[in-house]
Amino acid sequence: GAGVSQTPSNKVTEKGKYVELRCDPISGHTALYWYRQSLGQGPEFLIYFQGTGAADDSGLPNDRFFAVRPEGSVSTLKIQRTERGDSAVYLCASSLLAGGQSEQFFGPGTRLTVL
Amino acid sequence: DAKTTQPTSMDCAEGRAANLPCNHSTISGNEYVYWYRQIHSQGPQYIIHGLKNNETNEMASLIITEDRKSSTLILPHATLRDTAVYYCIVRSLGGSGTYKYIFGTGTRLKVLA
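Residue numbers (this note's numbering), protein chains in the order written: chain D, 1 to 115; chain F, 1001 to 1113.
Please note that a few of the clues may not be correct.
Cβ-Cβ distance ranges computed for the label pairs, FRET-style [claimed, not checked]:
#1 D/Gly40 to F/His1077: 45 to 53 Å
#2 F/Met1010 to D/Thr113: 46 to 54 Å
#3 D/Glu14 to F/Glu1058: 22 to 30 Å
#4 F/Met1059 to D/Thr76: 48 to 56 Å
#5 F/Gln1045 to D/Val68: 50 to 58 Å
#6 D/Glu83 to F/Thr1026: 47 to 55 Å
#7 D/Glu14 to F/Thr1056: 49 to 57 Å
#8 D/Lys17 to F/Pro1076: 29 to 37 Å
#9 D/Ala2 to F/Met1059: 29 to 37 Å
#10 F/Thr1026 to D/Tyr18: 25 to 33 Å
#11 F/Thr1065 to D/Lys15: 29 to 37 Å
#12 F/Arg1016 to D/Ala2: 15 to 23 Å
#13 F/Gly1015 to D/Lys17: 33 to 41 Å
Not everything, but these chain D residues come out facing chain F in the computed CB check (under 10 Å) [claimed, not checked]:
#14 Ala2
#15 Gly3
#16 Gly28
#17 Ala31
#18 Arg84
#19 Ala88
#20 Ser95
Simulated from the structure, these hints should not be mistaken for laboratory data. Here a beta-carbon is modelled for each residue, glycine too, at the ideal position from N, C-alpha and C.
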């Protein structure tokens, strides 16, 4: 079956621009997570959705970052006024349930480069 | 949140067992240990998880010590395709029940021909 997909696979933008990154979770998965991975580091949690609502956005670095999941399926991570330090791979994951032992399934990521 | 510590890198001969250790000395009673791996330029891939009993699936075995302060992931017959970064994760239960993963820097396993 189809896994988690993310678009675009690569995004190059200029400092100060606005970008949107899209995540299509596995069909039927209620929980969706965003992580960010810098070179040589493990993924870092950003935000988690249970259905349409953001249950935990404690990992968002500042108010330039925002994410939505309006219909409880597809999610978009939005970054305003991008900075060079935002360059990283942005990973999306989904799980069938939020709790219990449900493992998270990761997408291939979007590599964001801010020039 | 419980933290995990892993060796930075390990080598293993092809066909031999790869034993990857992880320390999680501050783990609490209701936290699970998860293992993922990440092959270059791909998203992390789930391997196995456990609470306190040893677990085995088609990919690997997970051995958790009785005090739960450490665990070992065992790949019984490593192949070149097992070359990857392996992450040991203690699943965090936030105040709102987020179940987020907290990754460390992982162990870079290189399987040698």
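Status of each hint after checking the structure:
1. A beta carbon spacing of about 29 Å between D/Gly40 and F/His1077 contradicts the range 45 to 53 Å that was offered as a hint.
2. The beta-carbon spacing between F/Met1010 and D/Thr113, approximately 31 Å, falls outside the hinted interval of 46 to 54 Å.
3. The beta-carbon spacing between D/Glu14 and F/Glu1058, approximately 46 Å, falls outside the hinted interval of 22 to 30 Å.
4. Restraint check, F/Met1059 to D/Thr76: a C-beta distance of roughly 33 Å breaks the suggested window 48 to 56 Å.
5. The hinted range of 50 to 58 Å is not satisfied by F/Gln1045 and D/Val68, whose Cβ atoms lie roughly 27 Å apart.
6. Against the hinted window of 47 to 55 Å, the Cβ-Cβ separation of D/Glu83 and F/Thr1026 comes to about 34 Å, which falls outside the hint.
7. Checked against the given bound of 49 to 57 Å, the beta carbons of D/Glu14 and F/Thr1056, roughly 50 Å apart, stay inside it.
8. For D/Lys17 and F/Pro1076, the hinted distance range of 29 to 37 Å is not satisfied, since their beta carbons lie about 49 Å from each other.
9. Our hint of 29 to 37 Å for D/Ala2 and F/Met1059 is violated, since their Cβ atoms are close to 21 Å apart.
10. At roughly 40 Å, the beta carbons of F/Thr1026 and D/Tyr18 sit outside the given window of 25 to 33 Å.
11. With their beta carbons about 49 Å apart, F/Thr1065 and D/Lys15 fall outside the hinted range of 29 to 37 Å.
12. At about 36 Å, the beta-carbon gap between F/Arg1016 and D/Ala2 misses the expected band of 15 to 23 Å.
13. About 50 Å separates the C-beta atoms of F/Gly1015 and D/Lys17, a value inconsistent with the hinted range of 33 to 41 Å.
14. Annotation: D/Ala2 was flagged as interfacial toward chain F, and the flag is violated, the nearest CB pair being 14 Å apart, outside 10 Å.
15. Here the hint on D/Gly3 is kept, as its CB sits about 9 Å from the closest CB of chain F, short of 10 Å.
16. Here the hint on D/Gly28 is broken, as its CB sits about 17 Å from the closest CB of chain F, past 10 Å.
17. A cut of 10 Å between beta carbons decides the hint on D/Ala31: the least distance to chain F is about 8 Å, and the hint holds.
18. For the restraint placing D/Arg84 at the interface with chain F, the shortest Cβ-Cβ distance is roughly 21 Å, beyond the 10 Å limit, so the hint is violated.
19. Checking D/Ala88 against chain F by beta carbon gives a least distance of about 13 Å; that is not within 10 Å, so the hint is violated.
20. For the restraint placing D/Ser95 at the interface with chain F, the shortest Cβ-Cβ distance is roughly 8 Å, inside the 10 Å limit, so the hint holds.
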